[in-house]
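Build out the structure end to end from the sequences listed, making use of the hints.
Read off the chains here:
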Amino acid sequence: MITKSESLHKRILIINRGEIAARIAKACRELGHTAVGVWTDNEVQAKHLEVCDEWVRLPGSTNQETYLNIPNILEVCKKYQIDGVHPGYGFLSENTEFSQALVDNGITWIGPHPEAVRVMGDKAVSKEFAKKVGMPVVPGSTGPVPTIAEAIKIANEIKYPILLKAVAGGGGRGMRICHNEEDVRNNFEPVQREAASAFKNPDLLVEKFIVNPHHIEVQILADKKGNVFHFFERECSIQRRHQKIVEEAPSPFIGEDEDLRQRVCNSAVNLAKAIKYDSAGTVELIMGENKEFYFLEMNTRIQVEHPITEEITGIDLIVCMIQSAFGEDLGIPSQEWIKRTGHAIECRICAEDPITMLPAPGIVTGCETNFPQGIRFDNCLYKGLVVTPDFDPMVGKLVAKGILREVAIRKMRAALDGLLVEGLKTNIPLHKVIMKNEVFLHGKYSTNFIATEKPQDQVDTSMDYSALYKKIAGIEARRMGL
Amino acid sequence: MRNYLIDSEKNEYIVDLSKTRTHSAEMVEFEFRTIKDNLEIHKENVFIRKLADQYFASTDGVRWNKVARQDSPSIMLNVDKVYKFYQGYKPSSAGGADEGGLFTQMPGKIVKIMAAVGDHVTKGQTLIILEAMKMENEIKCGTSGIVKAIHVKAGDALENGILMMEVEAEAE
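These protein sequence lines are chains A and B, in that order.
Residues in the first sequence are numbered consecutively from 13, following my numbering.
Residues in the second sequence are numbered consecutively from 1028, following my numbering.
FYI, nobody ran anything at the bench for these hints, they're computed from the structure.
Each hint should be verified, as a subset may be incorrect.
Taking lysine to aspartate or glutamate and the EDC-like style, the derived pairs with C-alpha atoms no more than 16 Å apart in a straight line are [what the hints assert, rightly or not]: (1) B:Lys1070 x B:Glu1058; (2) B:Lys1108 x A:Glu434; (3) B:Lys1108 x A:Asp476; (4) B:Lys1093 x A:Glu434; (5) B:Lys1070 x A:Asp476; (6) A:Lys444 x B:Asp1107.
Computed footprint of chain B on chain A; a stretch qualifies when at least three of its residues, placed anywhere within it, have a C-beta under 8 Å from a C-beta of chain B [what the hints assert, rightly or not]: (7) 426-439; (8) 472-479.
A few chain B residues facing chain A, derived, Cβ under 10 Å [claimed, not checked]: (9) Tyr1040; (10) Val1055; (11) Phe1059; (12) Pro1100; (13) Ser1171.
Note that the structure is a prediction, hence the values are computed from the model and not measured.
Beta carbons are placed, not taken as given, at the ideal position from N, Cα and C, and that holds for glycine.
Structure (structure tokens):
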């Protein structure tokens, strides 16, 4: 008899929704595994279920009761004889209580071992770890700073401007820039309170604030035999509310500087090796104008923007992640074997106001795509999709690949023109402006791009009469039976 | 056919389909005009062509775009604004078609009456064609029911606010 663990065929539970759930389900099917998808009463027509083999309803109405309900998910795993769980991104993807519980129950966690997540999940601990293994870190306090006096002392050592930030912070919350001593005095306690309420941990760090920084990250992929590979870097400096909206690979800021690229990527590999990393992950770095780079954090999961790396290297990161989790060979002979060609750009398509960049929930009443060659659109869009405030407003990822950066941009422009989403506001008009912005075209943007270039102010909001007339004419032509 | 676009601040755009010209079995030309605050602010013709069971639209007859498959929507989107969209009638208008009584909303001349007393009519059905401001307007039924009375005939020139037809709503 073939027991569950010996069988090559696996039953994989995808504990996520939207485009990433569909992406994972496709990878499971490709490998011959059974993709078990989940759904809740809030999204009954969920598109990702179309590509799953089996479906499980998660009872409850809030995320706490559904996607974050560890006891129930463990029950589901037992009931449906699940061999492995893929968390996607967000939700439980970096929750060690969950991954440990799975491991304890003999279920494979499709992600890194819990210890790596524990170390990298804490900003202070991860920074200390990175420093120990020889990775440059942003100068600052070695641990939580208890008092204002202590913060000022460190600030004077590392020189202003400095950043006050929550140990447990993320996504731009719980951090403040201070240009002088007075700023530190005024901000220290408010940030502590913000951290306490948002993350239940008031501890603050002090670190040097990098002016005009670039957000560079290195894709890591490792197996359970100690092989760690990098798949080059991505640049994700175009952000709003500290969340990325446009990403590209390779980084235009690193550009032709292959020596710098090697140093950046190798430092990420060294860090991953030191933590005995055994899955897909991302080492995030901050790079100053002088091209000096520092460790920021490591994301111990698959990331939203992984497709651009797949496009320039040809790797399937999700497939490899699953193979790695079950102890299989990745089929990658050496680091040198991994090559990159061309350039890829991703625009995150979000249901949000293109000017204010705030989420704009609604119902999708229609969706049409008309793309040039070289476009990939990972999405969960369908007519009738209800975008609720409960979930992230991202509804799709438009990825353009070209042999040159200019070609990728040209394709992206054409794709944005060919992407029609009806019924709710999207940031497509904002992306159209970014793709024509001079600073973006020269590839010389920093994370201040949105703040200084203000593409949102250049969005043309005048009524597009031709488009309006065409829509009405289309309805009328059908009605009159043309 | 008159269309109304109303934004969250109650700004109203009236989009009139003022003329329809059939060029062939697969091509129609529509003339559109947009009226805001009683002023015509935009005018353009749109060609619709049917090919292989699909619809394509163009304003210049050179560049064509496929028309998205969409049922008559209740909202229209323009960049950062969402408009409520009504075709043929709008709710809460004084004496609008939605109460069962069909009133003129501007001075005009009756071109055609498309129902008779006693007819069973359904909501959204065109009952009268009224020529006003050099355009043909379809006056649609606001409720399903029976035509109770018709007070006008083809050729009549009418002032604003005249009751043309009464429809008695039936219980659903």
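Hint-by-hint comparison with the structure:
no.	hint	verdict
1	B:Lys1070 x B:Glu1058	holds, 7 Å
2	B:Lys1108 x A:Glu434	holds, 12 Å
3	B:Lys1108 x A:Asp476	holds, 11 Å
4	B:Lys1093 x A:Glu434	holds, 14 Å
5	B:Lys1070 x A:Asp476	holds, 12 Å
6	A:Lys444 x B:Asp1107	holds, 14 Å
7	426-439	holds (count 5)
8	472-479	holds (count 7)
9	Tyr1040	holds, 7 Å
10	Val1055	holds, 6 Å
11	Phe1059	holds, 4 Å
12	Pro1100	holds, 5 Å
13	Ser1171	violated, 18 Å
In terms of the numbered hints stated before, the structure departs from hint 13 and from no other.
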